[in-house]
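A.B. asks: In case you want the letters, here they are:
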Amino acid sequence: MYSEKVMDHFSNPRNVGEIENADGVGTVGNPACGDIMKLSVKIEGNVIKDVKFKTFGCGAAIATSSMVTELVKGKNLNEAEAISNATVAEALGGLPPVKQHCSNLAADALHAAIEDYKKKHAK
Amino acid sequence: MYSEKVMDHFSNPRNVGEIENADGVGTVGNPACGDIMKLSVKIEGNVIKDVKFKTFGCGAAIATSSMVTELVKGKNLNEAEAISNATVAEALGGLPPVKQHCSNLAADALHAAIEDYKKKHAK
Amino acid sequence: MKKIYLDNNATTAVHPEVFDAMLPYLKDEFGNPSSIHWAGRNPRKAIDEAREKAAKLLNCDVSEIIFTSCGSEGDNLAIKGIAESKRDKGNHIITTKVEHPAVLGACKYLAKTGFDVTFLDVDSQGMLDLEQLKRAITSKTILITIMFANNETGVIFPIDEIGKIAKEHNILFHTDAVQGVGKVPIDVKKLNVDLLTLSGHKIYAPKGVAAVYVKRGVRLVPLIHGGHQERNRRGGTENTAGIAALGKACEIALRDMAEETKHITALRDRLENGLREKIPYVRLNGHPTRRIPNTVNLSFEFVEGESLLLNLDMKGVAASSGSACTSGTLEPSHVLLAMGVPMESAHGSVRFSLGRGNSAEDIDYVIEALPAIVERMRSMSPLYSTAAKQAANITFSESGSCSH
Amino acid sequence: MKKIYLDNNATTAVHPEVFDAMLPYLKDEFGNPSSIHWAGRNPRKAIDEAREKAAKLLNCDVSEIIFTSCGSEGDNLAIKGIAESKRDKGNHIITTKVEHPAVLGACKYLAKTGFDVTFLDVDSQGMLDLEQLKRAITSKTILITIMFANNETGVIFPIDEIGKIAKEHNILFHTDAVQGVGKVPIDVKKLNVDLLTLSGHKIYAPKGVAAVYVKRGVRLVPLIHGGHQERNRRGGTENTAGIAALGKACEIALRDMAEETKHITALRDRLENGLREKIPYVRLNGHPTRRIPNTVNLSFEFVEGESLLLNLDMKGVAASSGSACTSGTLEPSHVLLAMGVPMESAHGSVRFSLGRGNSAEDIDYVIEALPAIVERMRSMSPLYSTAAKQAANITFSESGSCSH
Ligand SMILES: Cc1ncc(COP(=O)(O)O)c(C=O)c1O
Ligand SMILES: Cc1ncc(COP(=O)(O)O)c(C=O)c1O
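Chains as they are written, first to last, in my numbering: chain A, 201 to 323; chain V, 201 to 323; chain S, -9 to 394; chain P, -9 to 394.
Calculated directly from the structure, the hints in this document are not laboratory data. Keep in mind it's a predicted model, so treat the numbers as computed, not measured. Just so you know, nobody snuck in bad clues.
Now the in silico label distances, taken between C-beta atoms and shown as ranges: (1) P:14 - V:319: 54 to 60 angstroms; (2) V:296 - P:6: 33 to 39 angstroms; (3) P:126 - S:119: 51 to 57 angstroms; (4) P:387 - A:208: 26 to 32 angstroms; (5) P:14 - V:211: 23 to 29 angstroms; (6) P:35 - S:119: 43 to 49 angstroms; (7) V:203 - P:126: 51 to 57 angstroms.
Rough simulated footprint, nothing fancy, chain A against chain P, three-plus residues with beta-carbon under 8 angstroms: (8) 286 to 294; (9) 375 to 387.
Even for Gly, the Cβ is constructed at its ideal location relative to N, Cα and C.
The shape of chain A in the complex, shown without the other chains:
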């Protein structure tokens, strides 16, 4: 069902965990689909220095979480905001049709984390 790349990220997920004293945290999901993602970021200047995730979800959910952390690390906020769920799916070499709508929330989690950072920062 899944491509090799998806299975690689699923079985060896990058950047699992939670950043203590994170600058931004985004938690998104939909229990009906069975996917909940929590992404935390460390931001220095305008750049994402560190990022970690925790995900409750299927293979696609975990792989996209892992992939988005790889994609975003070292990127500036503008670049990070430009990453879409489609970007992530593409970077994984595609997802099975049934997984395209749901289970592909990693970019949403990232954006939520950045928003959270901005909100705190704005204060």
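Place chains V, S and P with the ligands on chain A using the hints.
C.D. replies: This is chains V, S and P with the ligands only, laid out in the frame that chain A set:
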């Protein structure tokens, strides 16, 4: 589909042919079913001395024709008239269900031949 | 005893390559194709590949193939599925009198549930009158279902022209191509058909698997509701082994058709000519040329078909009868009757349908054996005068009833 | 790699004896069972014998068995066939919320075409309330269709009692016994069922064959119209090889059931107890005792089922998820939701279904492997606090949509 006995009578039918100057001839059938039987009898006194058949029909039709000639030879007219299509089928060890209604006209042909004989005789 | 199989329109032997192709799925690769674990992976791949092969044979897209369990299911799915999905557009269906019982049965069923069905006539050679078809079309016509080739006579209908007529009138067109696929090239794109049925066991796959082509965009109500299989158009765990077999059979059909057709046509013509030369009073049922290459249907006048078949069988020759005596009813073939063949001749018909396994020796054996059988049966027939060597004059009283 | 198959409710491996029983019909005995010649004779016999074996397993008459192509076809035939033939008597059908998609699909389809369908609830252990059933019956109720055993949880319904209720009210009763047959003794005479579905590939026959028991005198409209096969109740050339296989599988089921049940129950309990001992926060989905002997459905809280299955698969263990992630939709199991299992737990369910091929070593391997997998997945789960070893407190914004 057919029992061994039916197949025996089908492949080695007894008393095939037509009796010249027969005392009675019965021809019955139903082209829709694809069976037409012609039975001719030679009668002496009250007894069926000889009997022959010609049949256009399926395996069951030919086997029943053959069997009825065997059953009836040497019988008197009362005995012959008592032979029914069921008697013939039974003597063959049964016919397949689909063949029980049609294709089992041999006794009808016999009765028609006897009737023919009686009609001529009555004159 | 010699065994000569000339009943390939009834069913075919499984091709050895097809057998090999299905074997793994009856052994280690038994998993459910919907499973995500190791056991389901190769079965899923097998189905995907089979679908590609079937699509290639018909020149369509993989998404346009629905696997079913038999041609009859395919016909029922196509006809009832379209009837139901188009019910609000109209309730008129056009078919012919010479369809296979699966199509006739589905249409007669629909006729009982509020549909209006026109059964077109055929002429004495089994051909359709396209003007009659055009006249039958009404504003309520939603489906035309006409077979590609007749199973009893082999007659091929002008599917391309029918397709054009259907298209002009914006009516969906289904063809039961169970006897056409694998015997003549069929390109659904060129034919203008919207739905097409094929059956595995007529093309050297085993019984239990078939397929329907459904043109993209054509929606039909499933016959078997259930799981998501076949894109929600046919529920039920897939018959992986059967489907893999069908795929292989389609691949072989595409590969070998040209060559096999040459081989089979030559043998069929040899049989047809040989028998007609040796036996008087033989009638060809069907069209002399517009016919699938493997089929010849002959009536041997004055004798009945089943008797001939039994006698042939005793000599190891398997053929079948237009007479449905063989199949649980005693009425003569509806196909031959629709062609106006007289009752007695209809009952005297024999269908020889050849296949890739046949040889010239097989054919010569039949040409050798059958004349004596026919002669013997004629000598027993009250309809034939042996002395005059022609029809006998007889009258008879009706007896027996075919309805039971 | 070790391969351990614990997904026997999805499908089973073909039993070697079954394979041997079907082989001849994929080779020399390829004839059409309706043919009168040599090629049809043994296939016909094979079907007759298979019918006897199936009838013997269920304790019914051979005339009461209809062979079909899959359990889904059987369910559709039974439900739609009765609905249609009883339409003039009433339009109400009773079923449950936890039926297989084949039954639910057929019922929902009927609901769209003018039938009124009641979907009964189940309690948290997946059991039915018979009082609710009784209350649901109206003067228009023509059919009750309730499964014998649930495919996801293994829960067995009180079919005998339901049968009595149906009989008292003179309502026909169909049971989808696809997961019951072969696992527990089923005697249709004792159960008061009028129709019953079984499927070959759940009892070590191949995919592509199944059967419906239809009590003598019960009339149903065919799903597949066509030839005279199956006493005019199911058209289509018979899948001889599949039917012979199903017959053999029924024979083996009858012969081996008692012994296999002992073996499989012991292993299932060993698995269930072993996992629950070693892993905290495990929920048993279904009834602890009223269950078919081979099935256990567990939710591993805080982790998602598909991830677990993928991890198990990487270790060679084939199991499946109540979560339908695996089968083309993302909604969690309708069965578990009907039981009131929370969304997250429903998504975290794993069904282990054992079969005759399993050994104690298989089970111990899983008991060994799974705890580490669960722990690792929990450490990745935002719903679980690794430090506190309990549920984490989280809030999240909804995103994504399951409907597509
Ligand atoms: C309870 C139940 N009913 C029906 C079916 C459908 O059977 P099949 O896959 O043979 O169509 C299944 C299995 O998939 C089942 O578990
Ligand atoms: C023209 C035609 N249509 C449909 C069928 C039905 O196919 P199946 O036997 O696979 O149901 C057949 C063969 O029996 C056929 O010859």
